[in-house]
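2 protein chains.
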Amino acid sequence: MTAAPYRIVEMETHDIRFPTSRELDGSDAMNPDPDYSAAYVVIKTDDGFEGHGFAFTIGRGNDVQTAAIGALKPYVIGRDAEDLGALYKELVNDSQLRWLGPEKGVMHMAISAVVNALWDLKAKRYGKPLWRLLSEMSPEEIVDLVDFRYLSDALTPDEALQILKKAEPTRSAHVAKLRADGYPAYTTSPGWLGYDDEKLRRLCKEALDQGFKQIKLKVGADLEDDIRRFRTAREVCGPDFPIAIDANQRWDVDSAIAWVSALREFTPHWVEEPTSPDDVLGHAAIARGISPIPVATGEHVQNRIVFKQLLQAGAISYLQLDSARVGGVNENIAILLLAAKFGVPVCPHAGGVGLCELVQHLAMFDYVAVSGSLEGRVIEYVDHLHEHFADPVVIENGNYVAPSMPGFSAEMHPESIAAHVYPGGEVWRDQ
Amino acid sequence: MTAAPYRIVEMETHDIRFPTSRELDGSDAMNPDPDYSAAYVVIKTDDGFEGHGFAFTIGRGNDVQTAAIGALKPYVIGRDAEDLGALYKELVNDSQLRWLGPEKGVMHMAISAVVNALWDLKAKRYGKPLWRLLSEMSPEEIVDLVDFRYLSDALTPDEALQILKKAEPTRSAHVAKLRADGYPAYTTSPGWLGYDDEKLRRLCKEALDQGFKQIKLKVGADLEDDIRRFRTAREVCGPDFPIAIDANQRWDVDSAIAWVSALREFTPHWVEEPTSPDDVLGHAAIARGISPIPVATGEHVQNRIVFKQLLQAGAISYLQLDSARVGGVNENIAILLLAAKFGVPVCPHAGGVGLCELVQHLAMFDYVAVSGSLEGRVIEYVDHLHEHFADPVVIENGNYVAPSMPGFSAEMHPESIAAHVYPGGEVWRDQ
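First to last, the sequence lines map onto chains A and B. Start counting at 1 in the first sequence, then tack on 487, and there's your number in my numbering. Start counting at 1 in the second sequence, then tack on 487, and there's your number in my numbering.
Okay, chain A solo, but in the shape it has when bound (with noise of 0.2 Å):
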């Protein structure tokens, strides 16, 4: 594939901030009062196309988050982003920025908002859905976005190569699935810690009717509530409908087993987060500890190097990539093969501000392109904020429906970011 050449002349950045913590949306045992933020990047060419992008973070910090956006404007401007895969790894490889991380944290993030802006802006230019433009690339093609270094004992280039070929003959069968019936979807609102009871039993009801295929609860503030909460949802849910349990990073090991031991009987799908994001160890441990029970993580995972152990240690049976923490897609690519090598199936985090807009795209490449497989697989969905999304997420009988306009659905309308500024916009003026 190759488009017109074209250059990159613009990119502005905003700090863009929703007041959530006012309705306690979003509430767990970690984050009890979060402002979902987006820092987001527009990246503009001289012939009139727009790539939007973002890093999401729930409040403070998104200062600083913008910020570090905005120091990757000298390795844009004037270039032509066609090879996606060079600029990349230019980005991540840059010799004195790597000393922020490597590929951690604030500038690894800042790299993600910029690397998917500029796939948003490729898709554009392409006229299709990132999806598609993903699934049409050329297993070849594909193994040139990934940056194998830090991989090659897990999974090489050759074995990527094969995984990609294998998906090949059924590619068009599944998009033509993805198009009648969408990409299954689980849902988290019900599950919020700051919800009474009843409206966790009316939510509850409400994800059964709407035909979602599993829901999840947050626990980890106090067991009690959580066995009350558990039970409440369990009785509305009936006993064999997947439900999912959250503890986003509160526990150590020992108090991870006890914990999720004493929630045994409500039969809990997976454990999410039990522990740090970066205790790969740990999490081999609470897995050891909790057996059969499944543990998945994710959300705050690094980069591909920590799925990496994750995956050789045995830690996690279902993965959480998120669209906007790691290096973009292309880092993205490189953990669905290593999933997919290891046979574990890939469950989305979303739900913040626009993850569920992007992470669909990744979902939905992976069932073409790398795994070939729905078993086993949800995408998270959360009922947040999608009003503000050119092209939001639309979700019918449960399933995410395949986007078709053109880019990554990563663009928000403009007056939802002039009002959402922050400090200036109209939403914190007054506060």
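Quick caveat, the hints were computed from the structure, so don't treat them as lab data. The reader is advised that the hints may include incorrect statements.
Copies of the same chain look alike in the list, so a pair counts if it fits in one copy or across any two.
[Stated by the list, open to error] Here are the simulated SDA-like cross-link-like pairs (lysine to any residue), alpha carbons at most 25 Å apart as the crow flies: (1) Lys560 - Asn518; (2) Lys560 - His501; (3) Lys560 - Lys576; (4) Lys560 - Asp550; (5) Lys576 - Pro519; (6) Lys560 - Pro519; (7) Lys576 - Ser742; (8) Lys653 - Asp634.
Assemble chain B onto chain A, guided by the hints.
Quick look at chain B alone, frame taken from chain A:
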């Protein structure tokens, strides 16, 4: 210990960069052209004291690092920072800021700079060098400084207390020994990749003459060069002198094992940073693959949780604590305690700008109050940029002389700050 009440009334930050890339000082396989930089913070009290601290970077991105430190201003202004256990835990556990890590990268290094500046302030208020201030705290007071979250599967507060109590009887003898003899040092000055063989030979000879206990060679760019340079260093230093090698994260697991095996005949004292600092399992595999050659790492290890795993996995034989990457003095105390628990010697990373000045305090505190041992321990020394500090390190007979001035030796001369501010300072203005 207590001090008169006071308040923090001012916090200023400076983006300071030294044009070290012009001389190829500090060149290695991953960092070909660093400009050693400090994202620098000065905290002032209403009774006239100042605390200085900084995050070390190698150039680009130092503006982002400086902005991240600035974002912490609301957390310190108006505070009495006598209880640095509480303030440290408040900073690292802020529910919104931790999304940007947690506890890694730019935001964690910003917390490190502020926490270290507050320790500099506290030590000045008490009129003691930091290593003495820490060494005079009771075991219980020291334990209170540590955040044990995510550590309890490897180290409990009770175990930490036992370690500290065991070192109590020898505290005063060890203070006396440090005052008399200093703390053993090794030098990296001969080994930068950018130096030719004649310079290598001359600097090896100088290192021996100056009484250093060990030298270190950068490796990993070209194997034939490394063989020749290692042979040259061996010729000058003799068969038994400790010569470590440092790959600065250059390799994957298999290539690390192959490369180091090709250097086996020169008996490396340790192999430093063979691969990604995030790859606990990779380090463990390399350690098995090159045994009995020891593996060392730490300067890029993001926090105590990764160090915990490196120790649990038997991946490292030397732990290279860095003074300014993890969450400051408090988290480094946790790391010293972990190393003592696992019986692994701490040989701190230093160099850059100001890292020697800071880390000597932590190593001396370790000898007096934690491990109680000098066995197998050396602090890295690099002869760069000390002239910019008010209380620069002093090396005598290849030992760090114990600091006697109050504080954390973190303070730069005002004229050094002014000259090196980026991009307005005089050393940058003509570029």
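*Up to 25 Å CA-CA - Pro519 versus Lys576, copy category*: between (36 Å within a copy, 17 Å between copies)
*Is it within, between, both, or neither for Lys560 and Lys576, if the alpha carbons may be no more than 25 Å apart?*
Within. Shortest intra-copy distance 16 Å satisfies the 25 Å Cα cut-off; inter-copy 34 Å does not.
_Reference check for the pair Lys560 and Asn518, CA-CA at most 25 Å: within, between, both, or neither?_
between (31 Å within a copy, 22 Å between copies)
*Evaluate Lys560 and His501 at a C-alpha cut-off of 25 Å and name the case that applies: within, between, both or neither.*
both (13 Å within a copy, 22 Å between copies)
*Within, between, both or neither: Lys560, Asp550 at alpha-carbon 25 Å*: both (16 Å within a copy, 13 Å between copies)
*Between the shortest in-copy and the shortest cross-copy C-alpha distance, which are at most 25 Å for Lys576 and Ser742: within, between, both, or neither?*
between (40 Å within a copy, 20 Å between copies)
*Between copies, within a copy, both or neither: which fits Lys560 and Pro519 at Cα up to 25 Å?*
Between copies only: 22 Å across, 34 Å inside.
*Between Lys653 and Asp634, at a C-alpha cutoff of 25 Å, which is it: within one copy, between copies, both, or neither?*
within (21 Å within a copy, 48 Å between copies)
Consistency note: the structure conflicts with none of the earlier hints.
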